[in-house]
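Chains as they are written, first to last, in the numbering used here: chain P, 428 to 516; chain S, 14 to 184.
None of these hints come from the bench; they were simulated from the model. Predicted, not measured: the structure shown is a model, and the values here were computed from it. Treat the hints with care, as some may be off.
As the list claims (entries may be wrong) - What follows is a set of in silico ranges between Cβ atoms, one per label pair, in the way DEER data are often shown: (1) S:Asp50 with P:Arg449: 15 to 25 angstroms; (2) P:Val448 with S:Val21: 44 to 54 angstroms; (3) P:Ala440 with S:Asp15: 40 to 50 angstroms.
Every residue gets a Cβ at the ideal spot worked out from N, C-alpha and C, and that includes glycine.
As a plain string of letters, each chain reads:
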Amino acid sequence: MSDPAITLYRLQACPFCERVVRKLEDYDVEYHSRFVEPMHSDRDVVQRLTGKRTVPAIVDESTGVTMSESGNIVEYLDATYGQRQTGGA
Amino acid sequence: MDLPFDVVDLPDTDHPEVGDRAPDFERPLVGTEYWEDVSLSKLTDEGPVVLVFHPMDGAFPATYIWNEIRDRGWLDRDNCELVGLSISSPYEHTDLLDARGVDARLYSDPGNGVAEQFDIVNDLDGMAGVEEPRPAVFALDEERVVQYAWVAQEWPEFPDYDEVEAAIEAL
């Protein structure tokens, strides 16, 4: 049993995070969730990864990509995993 | 604690004993920076684990137990990882870690299903619909086999910390 390549840093009930979750589910991509604190100043783990304290943020070990901002993440997921769906159709 | 009256006895249970394999479960495991779903077996795969069940965060036994864990240096040992478990939410666990000043991890199990798996459910009188685990300590090896088990027989009751320490040293 191997861990999913993608780790999603998220905040409970954050709509931008849910947007990314929906995209991951659309593309049937496995991911592992890490929930962070509502207080911005307490999000050191995200800051160390991306240089910012915003969520969502993802780490994709299969491509070596670490990024934040839901718009960027959705674009990245479309480009990286969106093809898989149409590939076999 | 010597009190001039009898404290409440808890009924016998069929909890895991020394030599039994502890049930596996997966719950949010809360650290100082984030929480994530982690199974007990994933922890034991990395080394022996001491699993401490305690009353909900904020109740004085939770405070006393974590102070003792901190002061005895059980979180600094490299032969095992000590993790807590209570029915409190991840947010409350984060506050507990901060208030006790410890860098540790605790499982959050509001539904009390893990206590059911271990047969150590404690129904709370006067709190309708709320139950939690009895105070309990299980020391597990890498195969999740119980090396030491203590489960409260009275309410309230605290672990024998010297006994737990000896069990930790033997892991």
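Hints, one by one, checked against the model:
no., hint, in the structure
1, S:Asp50 with P:Arg449: 15 to 25 angstroms, "19 angstroms, holds"
2, P:Val448 with S:Val21: 44 to 54 angstroms, "45 angstroms, holds"
3, P:Ala440 with S:Asp15: 40 to 50 angstroms, "49 angstroms, holds"
The structure agrees with every numbered hint stated previously.
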